[in-house]
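I would like the entire structure built from these sequences, with the hints used as guidance.
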Amino acid sequence: MFRGLFSFRSAGRHNGDGFFEPAPRGGIFSHQNDRARTAKLIASHFDATYYLSVNQDVKIANINPLLHYIDYGWKEGRNPTRHFWTSYYLTSNPDVVELGINPFYHYLTFGIYELRKPNPSGPLTPRPQRPDSSAWRFLANCKRNEATARVDVIVPVYKGLDDTLATLYSVLSSRQATPFSLTVVNDKSPDEELTTALRRLAKLDLFDYHENDDNLGFVKTCNFAMRRSVGRDVVLLNSDTLVYNNWLDRLTAHAQSRPDVATVTPFSNNATICSYPIANADNDLDLECAFDTLDHYASLANAARSTVTPTGVGFCMYINATAIYAIGYFDEAAFGRGYGEENDFCFRATTAGYVNLFAHDIFVYHSGSTSFGRISE
Numbered sequence: 315m316f317r318g319l320f321s322f323r324s325a326g327r328h329n330g331d332g333f334f335e336p337a338p339r340g341g342i343f344s345h346q347n348d349r350a351r352t353a354k355l356i357a358s359h360f361d362a363t364y365y366l367s368v369n370q371d372v373k374i375a376n377i378n379p380l381l382h383y384i385d386y387g388w389k390e391g392r393n394p395t396r397h398f399w400t401s402y403y404l405t406s407n408p409d410v411v412e413l414g415i416n417p418f419y420h421y422l423t424f425g426i427y428e429l430r431k432p433n434p435s436g437p438l439t440p441r442p443q444r445p446d447s448s449a450w451r452f453l454a455n456c457k458r459n460e461a462t463a464r465v466d467v468i469v470p471v472y473k474g475l476d477d478t479l480a481t482l483y484s485v486l487s488s489r490q491a492t493p494f495s496l497t498v499v500n501d502k503s504p505d506e507e508l509t510t511a512l513r514r515l516a517k518l519d520l521f522d523y524h525e526n527d528d529n530l531g532f533v534k535t536c537n538f539a540m541r542r543s544v545g546r547d548v549v550l551l552n553s554d555t556l557v558y559n560n561w562l563d564r565l566t567a568h569a570q571s572r573p574d575v576a577t578v579t580p581f582s583n584n585a586t587i588c589s590y591p592i593a594n595a596d597n598d599l600d601l602e603c604a605f606d607t608l609d610h611y612a613s614l615a616n617a618a619r620s621t622v623t624p625t626g627v628g629f630c631m632y633i634n635a636t637a638i639y640a641i642g643y644f645d646e647a648a649f650g651r652g653y654g655e656e657n658d659f660c661f662r663a664t665t666a667g668y669v670n671l672f673a674h675d676i677f678v679y680h681s682g683s684t685s686f687g688r689i690s691e
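Just so you know, we're using this note's numbering here: the sequence shown kicks off at 315 and counts up by one.
The reader is advised that the hints may include incorrect statements.
[Claimed, not checked] The list that follows gives simulated cross-link-like pairs (lysine-lysine, DSBU-like), each with its CA atoms no further than 30 Å apart:
hint: 1; residue 1: Lys373; residue 2: Lys431
hint: 2; residue 1: Lys517; residue 2: Lys502
hint: 3; residue 1: Lys373; residue 2: Lys354
What the hints contain is simulated information worked out from the structure, not anything from laboratory work.
Right, here's the structure in full:
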């Protein structure tokens with residue numbers, strides 16, 4: 315049923331419409347046309363969840379995603395994983411087009427050993443790792459100082475030992491001119507190793523630390539922390555992010571750029587409308603340079619540039635105290651344990667005459683996989 319959506323005019327070549335046509339059966343790769351053998355080889359590498367998420371027609375038709383890719387998907391330029399880009403591989407390797415071989419099969423059988431690239435960027439971004447225990451000794455104290463702190467950076471924590479510690483280290487080790495405090499709220503994490511690590515770091519007086527007696531969920535945890543920051547601007551920062559250079563100084567500059575700013579959100583690899591390089595996508599491949607370098611380039615190329623947007627994105631969102639005073643906190647009754655609460659807050663701010671800014675000169679990495687209770691449960 316899907317083959318009829320596209321026109322395959324001849325064999326073994328690009329058809330001019332962005333799709334690729336198979337070569338005639340036969341030749342040294344004729345075994346490739348045996349779908350059972352192909353399926354057996356690529357099955358363990360094929361990401362069925364991803365394939366169905368980006369190909370809703372296959373999901374609705376209730377077709378086996380692996381077999382759809384083998385029979386039709388690769389010919390239609392569909393990707394078997396986030397990492398492997400079918401059209402890119404075929405465009406870059408005309409010999410594979412000429413052979414009519416399934417490109418993912420070819421990559422796994424030959425291409426990976428011949429150092430052929432599966433996409434234009436490179437491999438998947440490595441997972442953040444916790445810093446060595448000795449690395450914390452020389453960091454500045456960022457505990458709350460009522461007299462000097464202008465901004466409170468708030469990190470709600472639930473799961474993710476490596477990601478959380480990497481996040482906190484990135485905040486503490488990035489030099490800022492803006493006086494700020496760091497608050498970590500442990501929402502009764504089930505990870506005992508994470509809780510032990512946070513308690514140890516809190517004893518070093520690196521940040522303010524609080525443990526919820528009960529698991530409150532993301533919305534109530536954020537509201538609890540923001541109520542402790544009355545009169546100061548806040549930044550809500552996910553525990554699976556990495557910040558770079560003078561990120562907070564630039565966020566603060568945008569927040570102060572006009573009197574009606576409610577929220578400011580930076581660029582990220584994974585931030586829906588604020589994602590780079592592809593918007594509304596999880597860009598989980600290595601980008602053109604290291605993330606801290608990308609942030610530096612953004613600060614130069616896009617200095618002080620921003621766009622008014624309908625909503626901020628909660629992975630890293632600066633919120634002006636004036637907006638909180640005007641419209642209140644996140645709506646706990648409506649959004650429960652979380653999801654969509656920042657959109658509601660931003661829409662309420664817009665109704666009250668405020669604007670939400672998308673800052674073009676800041677890049678914050680977001681893995682998107684250290685799950686707060688609302689995402690993982």
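Here's how the hints hold up against the structure:
1. Lys373 with Lys431: holds, 29 Å
2. Lys517 with Lys502: holds, 18 Å
3. Lys373 with Lys354: holds, 21 Å
Of the numbered hints stated above, none is contradicted by the structure.
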